[in-house]
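One letter stands for each residue in the lines below.
Protein chains: 2
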Amino acid sequence: MKGQTIYFRREPRIVAVSSIAGKKECEGVVGRYVETPLTDDMFGESTYEKAECKMLSHVIDGVMENARIGRDEVDFIVSGDLLNQIISASFAARDFSVPFLGVYGACSTMAESLAVSAVLVDGGYAERVVAATGSHFASAERQYRFPLELGTTRPPQSQWTVTGAGASLVCARGEGIRLLSATVGKVVDYGITDVNNMGAAMAPAAADTILAHFRATEKDPAYYDLIVTGDLGALGSRIVKDLTWEKGLDISANHVDCGEIIYNVVEDEFQGGSGAGCSAVVLNSYLHAKMMTGEIKRILFVATGALLSAVSSGQGESIPCIAHAVAMER
Amino acid sequence: MKGQTIYFRREPRIVAVSSIAGKKECEGVVGRYVETPLTDDMFGESTYEKAECKMLSHVIDGVMENARIGRDEVDFIVSGDLLNQIISASFAARDFSVPFLGVYGACSTMAESLAVSAVLVDGGYAERVVAATGSHFASAERQYRFPLELGTTRPPQSQWTVTGAGASLVCARGEGIRLLSATVGKVVDYGITDVNNMGAAMAPAAADTILAHFRATEKDPAYYDLIVTGDLGALGSRIVKDLTWEKGLDISANHVDCGEIIYNVVEDEFQGGSGAGCSAVVLNSYLHAKMMTGEIKRILFVATGALLSAVSSGQGESIPCIAHAVAMER
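Protein sequences appear in the order of chains A and B. Numbers in the working numbering are just positions in the first sequence, counted from 1, shifted up by 1420. Numbers in the working numbering are just positions in the second sequence, counted from 1, shifted up by 1420.
Derived from the structure by calculation, the hints contain no laboratory data. Remember, it's a predicted structure, so these values are computed and weren't measured experimentally. Just to be clear, a hint being listed does not mean it is correct.
Any copy will do: because identical chains look the same in the list, a pair fits if it lies in one copy or spans two.
Under the rule of at most 20 Å between Cα atoms (straight-line distance), these lysine to aspartate or glutamate pairs were calculated in the DMTMM-like manner [claimed, not checked]:
id	residue 1	residue 2
1	Lys1639	Glu1455
2	Lys1422	Asp1492
3	Lys1667	Glu1447
4	Lys1717	Glu1737
5	Lys1639	Glu1737
6	Lys1422	Glu1547
7	Lys1443	Asp1460
8	Lys1443	Asp1662
9	Lys1717	Glu1666
10	Lys1710	Glu1749
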């Protein structure tokens, strides 16, 4: 028994990132740091799903370009997304002749793919691995909730799926952000059945992983400049702070949620952003930039995912959730 | 650049397996070796999806029981399945308080989860990891093709999704089947668009991975007692032998396909079995038994997956495929 937290002995590092995001996303404080801001959320494609796939392909290409390496220099692509059968990731991987590991962790995918990539590099099985994910508001709405054409009213506890994608290049060597450990999450289900209330569903999973991380590492929350959750939104953020506080861990001083900071004005977004692209965009643009300038030194990145499907919800199931944490340092 | 093939230095091993399969599957030659043969394909559940999830949960539980270890002695569960958002795996993982990594590789999942599990154990990040997957004929039919209630005629090039699940316990120590290497597949797409012709779509991906494996290891096909593909079926098996032969690699003498051997009588199944459960059941029952008795010594296990979705097919996309190979030895 090794335990839930994996320690990286050789400190694999993120040496390059790439990000892309939609119009709405780029209006926020994070948006200024996005590498490719879109003016057209269709990205020149005929369907939302194809646009999502193209965004993912774009950042995988982008991260290689930013690191000035060729496709034949990348050992693996580790990627996934929210769509049925992760078609965005699979079809994006088709564009590259690079060995591919498909993962599924819903909106926790950025942390899961980073963790798997770091294991491959740290274990000496790879020199360079691309971890990437993304999401699209319109493809997610019609898959999980209602087609946009219906004009369904969104309830106040709902979040807005981020249109965007992000990629990190994890390498054995080079200048960048060092990855220190990964805490792999357990599936946690508090019995929430409201598919519009993802924040409340995911918060217990985030709390479980955060508590496991601090128990294992015996660190204090103050050790990190930021404890960044993926897409709990405003409501979910309050819940995760309460849940960890109840267990004697006060993260309120340095907790921030990607979903809470990605949008400027809360109008349709209510609780904030969500989707696999949410934490992927924030990590691979804003947070990366702040770490590279030294403004932020240590981050515990905790991406959170709701593992439901339209079928499971339709069959009356509650929403099982998961959160994976990756500790990083500049 | 390390290359597509990962070598396991410490030779992690499969120390226990568990399998379950439906009535039809258990009538074949493989069926005799299945640990839990079902008489009711619904497994006492009210929906196909819940039955599929219960099968997966059953083998995860079963493999721990067979190894006489508790749930708290397993470091990670690595699992995925064919359903949208891999709900079978996620909901099964909910039953266990074990850190979970969700993967998606369609019918290649058994090999992908084994490869990731072996990396975790070989790299020293885990002592014991469960790799598991499964599928259900009825849930797959209604998700990918037509609801059974429609009574749609199946074309002769079609295969029959296996109702079943399998799990392997990968450990750092112990008596069992040693895992020597894993060749991670690239996404290969020959432009097949017929969702009833998975064998033809997947064969090029299988050929690509098999060729990559033999190129990297500089071994001869005769080195393995069996080169086992996942679920190419009769037609796909012919194609993979042709494609590898064209490249100067003759695998015809020791190639066998799980889809070809799982069913006894070819009646509705036409080309044979398919689905993530196909290679999972055959590996974790029949092949495992033959290896443990010493009848078979060396296997190259190449599970194959078609990475389509109902949406991608509906939008006119062809079927990208992948195959991952794991070399094992008794």
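Quick rundown of the hints versus the structure:
no.: 1; hint: Lys1639 / Glu1455; result: neither (34 Å within a copy, 45 Å between copies)
no.: 2; hint: Lys1422 / Asp1492; result: between (34 Å within a copy, 11 Å between copies)
no.: 3; hint: Lys1667 / Glu1447; result: neither (37 Å within a copy, 53 Å between copies)
no.: 4; hint: Lys1717 / Glu1737; result: neither (41 Å within a copy, 44 Å between copies)
no.: 5; hint: Lys1639 / Glu1737; result: neither (36 Å within a copy, 49 Å between copies)
no.: 6; hint: Lys1422 / Glu1547; result: between (25 Å within a copy, 6 Å between copies)
no.: 7; hint: Lys1443 / Asp1460; result: within (7 Å within a copy, 52 Å between copies)
no.: 8; hint: Lys1443 / Asp1662; result: neither (34 Å within a copy, 49 Å between copies)
no.: 9; hint: Lys1717 / Glu1666; result: neither (28 Å within a copy, 55 Å between copies)
no.: 10; hint: Lys1710 / Glu1749; result: within (12 Å within a copy, 49 Å between copies)
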